[in-house]
Amino acid sequence: MLTFVTRRLVATILVLLVASFIVYILTAGSGDPLQELRGSRDPNAQDKIKYLSGVLNLDQPPILRYFSWLGGVGACFIGQCDLGISVARGEQPVIDAISGALGSTLQLVLAATILAIVIGVAIGMTTALRQYSGYDYVVTFLTFVFYSLPIFWVAVLLKEFGAIRFNEFLGDPVIPWWSIVVIGLVMGFIASSVVGGELRTRVISFVSVGAGIGGMLFLLDITQWFARPSIGIIGVALLTIATAAIVLFTSTGFQHRRALIAVAIVVAVTLALWWPMQFLFFYLNAGWTVLLVMVAMAGIGVVVGLLVGGDAKAVVARTAGLVGGLTVIPLVLDQMFLRWDEYVARIPLSNGVIATIGASTPAIRRVDDTWLNMLDSMTHMLLPTIALMIISLAAYTRYARASLLDVMNQDYVRTARAKGLGERTVVMRHAFRNAMIPIATIIALDFGAVIGGAVITERVFAWQAMGSLFNEGLKRTDVNLVMGFFLVTGILAVLFNVFADLLYSALDPRIRVS
Amino acid sequence: MKNKRVAAAIAVLAAGALALTGCTPPYESEVIADTEITVAWNDLIDNFNQSSAAGNNTANAVVLYMMNSSFLYYNDKPELVRNTDFGTFEKTSDDPLTVKYTLNDNVTWSDGTPIDSADLLLSWTTIFAGAEDAEGEPLFTHANPRGDLSTALPEIDDKSITIVYDKAYVDWEIQYDLGVAAHGVVGLAYPEITDPEEAKSMFVEAVQNDDVEWLTPVAKAWNDAYQAPSTPDSDLVALSSGAYVLDELVENEYVALKANPLYTWGPSPKYERIIVRQIEDSTAQVQAIENGDVQIAAGQPTPDVLELVKGLSNADYVTADEATYEHIDLTFNNGGPFDPATYGGDEDKAKAVRQAFLKVVPRAEILEKLISPLNPNAALRDSVLQIPGAPGYDEIASTNGSADYAEVDIDGAKKLLADAGVSTPVEVKFWYPEGNVRRATEFEFIQQSAALAGFTVVDDSEPTWAFTDKEALPINPHDAVIFAWQSTSLALTGSDQYLGSGQPSNFGGYSNTKVDGLLKDLETELDPAVQTEIQVAVEKEVWGDAYGVTIFQFPGITVWNNSVTNVSPSPLSPTYFWNFWEWAPADSE
Amino acid sequence: MSDKKPVADDQSVGQELSIEQRATVGLSQGTIVRRRFLQHRGAVISMYVLLFLILLAFTSVGTVVGGTGDLKPDANSTRLIVDGFRIPGWWTSTWWERYDIVLPGGAPTFTLWPFSFGDHPFGQDNTGKDVFARVMRGMQQSLSVVFIVGVISTVIGVVLGALAGYYRGWIDQLIMRITDVIIIIPLLVLGAVLGRTIGGDALMLALMLGLIAWTGMARLVRAEFLSLREREFVDAARVAGASDFRIIFRHILPNTVGVIVVSATLLMSAVILLETSLSFLGFGIKSPDISLGQIISEYNEAFKTRPWLFWWPGLFIVVIALCINFIGDGLRDAFDPRQKRVPTQNGMGSQVISFFKSYVPGARPGDETVNK
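Protein chains in written order, with the UniProt record's numbering: chain A, 1 to 514; chain B, 1 to 589; chain C, 1 to 372.
Worth flagging that the hints you see were computed from the coordinates, not collected in a lab. Quantities reported herein were computed from a predicted structural model and do not represent experimental measurements. Please note that a few of the clues may not be correct.
Stated by the list, open to error - Derived lysine to aspartate or glutamate pairs resembling EDC-like cross-links, with alpha carbons at most 20 Å apart:
| # | chain 1 | residue 1 | chain 2 | residue 2 |
| --- | --- | --- | --- | --- |
| 1 | B | Lys470 | A | Asp47 |
| 2 | C | Lys304 | A | Glu168 |
| 3 | B | Lys470 | A | Asp32 |
| 4 | A | Lys50 | B | Asp224 |
| 5 | B | Lys351 | B | Glu541 |
Looking at chain A on its own, in the form it has when it is part of the complex (with noise of 0.2 Å):
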């Protein structure tokens, strides 16, 4: 395993290498660094290209340039990075440059993806298992539509939509009925379709979702809830059920009374936490906390599941754990929303909270609070999240149902069929994991393409992070900064590579990489 994995780490790092090579050298050709200071009325500007030619060894041909360069990557193996400096930001070196910018375009893509693939997948599945569903009919032709939709389009229209529109509805926050109305029908029609059987449990799921979902939405417009969203005990416990229901139904079912048991169980002891839990957020008011919380939790519900999982131990504790690690979003988000008054009273919109541009509000930065600047990080980060999220949750969403179809069709999944086991042991147990592994190569495919759209997308919300390092870079023809990009994307994308390789090899029993 380890030598299959530094052998496929080599290999790639030899082609990092080429591949940086060539951005070098095309990059380097495609324009004059010292453009803007050749046109300037400047009497100090011939000093200036004077200085920067030196500095920038313009004199040589670019082929030495990138060994003078790589000569400076190497020495951060011995700790002294030198990436050169950027011209077209002020000759501020490239290094720091990066370390600017990689959190905020890491958090937008991780989160991105993570969100497509969770998603897509769910949706993709749903689809096949409902193959031929007018459902089914709807989403494939929406993923067609998403899939050809230019990105920038799609940003564009959010930033319109999704912030001044929503932020206006949020001054005024007052759902009209007939929206309601659509929703619930919609929300019932997936509900219907996902859940499908025979004509009767459709109804029903049809009736109950629609008509939860429309009554949610009208107490919460009568209840003014979108004027000051919170979340409070009766929220945590609402999406703490939701959550363990959701794990409960996709890893042992109802039916299993010890995982019910142990699940509860977690469930209790974590609205039980509740309170004590508002202390430990307010005194240990750091990012850390939430890892803190969520490894106890995990390990609470660990620990219950070994108890009471009797014979089934193993997928107790299994479920039990995901549920407890789960529990704390929505303890999280109940502190961010906590401060949600603070929050608005805080930034300089007039209406809303949703941002159009930035990573994050200058003000609330000065504020020493995690959970406020959270939400302060959410806010802005949702429209560039979705947006970019949007495009790879139209691949998720075929390569998953497409996936799953084949897999269904298989034989051994008639054998399981046949042998007696349940349609959702069929699907979670067999199917799933089998399906699940074309799905871990594509997620290193989709890195690119992330990163090509992240690279939009931060310049249509006006984000200072990798992707404008690229723009600006290549803008100017300061190619230390485009390389400073490539590099960290490339790394990025070996690292992406690896993980896929290993996922691929979990998942797949027939693989033993040797």
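Got chain A; can you put chains B and C on it based on the hints?
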């Protein structure tokens, strides 16, 4: 927060009432606690020394304007305003030209060190190249060093400096102002000197004794140490002499300023914090205004941006001229249709062709179709030297001969060509920056109009501005070019850069000894009436030679949210920031 | 994966014919494919829509062949003409001339009731140019880019993939390493760098993109060749004395046509979006050249104020990409020999996946076949 605002508003009203009753307190800060304004700019400060070559750009200037006090500033007319709350200056003699600058007593840097003559001397040293290395190069790389203007070491006393010019100089008023702090730059160069007074006296001594060895690290610090894309490590870098001090600078995102507690001179600002956010894209700026992310934004509008702004219910806007103007220059020396050499050295023939070409440039159409929709008050610019509205503009524009080119004159152009005996069609290689939509449209207008008179205007557009690089291309290969010059001040000097024979920004090979001489005279002329006379004479020559045509001032737009009042755009840097102390929250009034 | 069969070989699978196979006994491959394709309603509709769009784009405003494409004044009138051989179209306006603005702001003259196109159905820009004509010209250019890139990268990808898969050994190693290198650079990044280098010309941009977009195709074709070259009919051809060239292009290649056609269509739908993105970033086609992406990025500010400048070109981009995607979907179904209504192991699932996998750095479809 609301309550605090109200309380603060009452405080302001009370202060106002006091002022009305004639019982003026010495200085009352009008800063309203917990108020904050966010404004948009397309670039962010990255250097705290705007006088140095590296730091000399608008993005730095607008932020430093709020962090610095100066003897002079431009208002929205534009005209120069003397800031007597900070200091005064007067011309004490015409020959030799002598100017005495005096600081007011109470002015200090934001670390509490008084601003005094050491700081004034530092400015003198940098602007007039008062310290030079062994090769005679200035130690301090000032953006526009004038080693030729004042070589005599100025006299200083505690709060004043007396500068003696070597020759009369027309722009003496705007030539000199306060720069960065002397004790700051010394502290950056010699960290072991921690006492500001000691630093100042050592600096003064070094300048007076021309101690180049001691000054070299200081100059290096002055040149380089102020470069700071994010909050600088040393407090000395961002010392403020003005209404605001630096709070936080986040690279490429925003700079946050907060009210300077020590500031007791000049008009008091109202906002406790000002945040300048970097937003490059103009649509994004408008959307940010609409969404409330920022309260003020400015830029060059497109028809759509203007339309968007008009549709905003929560914002006001003003369109006005900017200080940048579009113009067409012809090339005199490239063997093209406008070069006498093409016609065997026949100057008149070449001039006739130039005049004929300029006569068919549809200036009015360009203005009407492309600019007027963006700025209803836009007018043709009829002067090469002066910006419309500036002193002397009307006189110059009405007498300089620009009227010949006010309207398209196809028949006149045809006649000129026929009389000169030039065979048509005449091919004109016309350059505009590729990808610039507005200029591409202007090119089309010109092409179509010129065709009627027998000119074949060829699209010579390139994405690069190669012709401006005189080392690579000593002679401009294009016959005509269209681009814009930006005026950054009301200075009368500087026109020789593009009109003078062989000057660095003279890309068309224009050469007229009479113009060269007149511009030289203008530089040393102190009498405003004579200045205008000389300008008229220069322009008559230039327009008579059919050097080129000026077309329009770039339209600018300033948009602000209703929650802020007293925003007013200004054509010259620092543009709408010029009266930042008057900006006030709408609900405080 | 290893039991993948060439399409023409259907009957040799065994005596036991499935229902689907019986339905196609005795028909030529072309007929089978055509029939299956025609069964895919979405694909057929898309094909007609795409054909209609192509016809519309080229016949409406006509086109220009050869020449520099620069504008120049006409000697006999005041109008501008384009350099090159001009084929006129039935639409009266051209994409480069300015017209008097009919409605305030250049709003579209198109009305549904009473139905009328008017002079400028899609409106005019601020100088009076006809947006319909510009969109049509932009569509010509965008479609040309798409097809040029499609053809170039298919040819390169097929040839390299065939060579690598057929000869294996060091040729395979070399070609696949080159592919790895190109794949690791995000296509948008490489395209932007090249786009800036060549600066704004549609034809040049298409050539450049064609030179970098072939990698996925090469991997797929290689994988097919790796498995097909071991088959009996190849041995038979070799014994009969056929040259390598003949075996590659006459015997094996026809069996890979399904994979090639499908991935070529998917590639083309990606190209039109790539062109748009490059234009938006300012590294793609630039004025005075027109493409749908160029129009939309030039007027991306206008989407609220003059929506016709933003929505029309965008609509055509989406429709074209959608059509190509649906056609690709239909072709995939049609070329799959066992495909009936129910997808199978070799069904559309694997084909989509293997297409996308072919763009994954480091993972090559052929390798799995070997691994098992």
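Structure-based check of all given hints:
1. B:Lys470 / A:Asp47: Status holds; Cα separation ~14 Å.
2. C:Lys304 / A:Glu168: 16 Å, holds
3. B:Lys470 / A:Asp32: Measuring from Cα to Cα gives roughly 15 Å; hence the hint holds.
4. A:Lys50 / B:Asp224: 17 Å, holds
5. B:Lys351 / B:Glu541: 12 Å, holds
Comparing the model with each numbered hint stated earlier shows that all of them hold.
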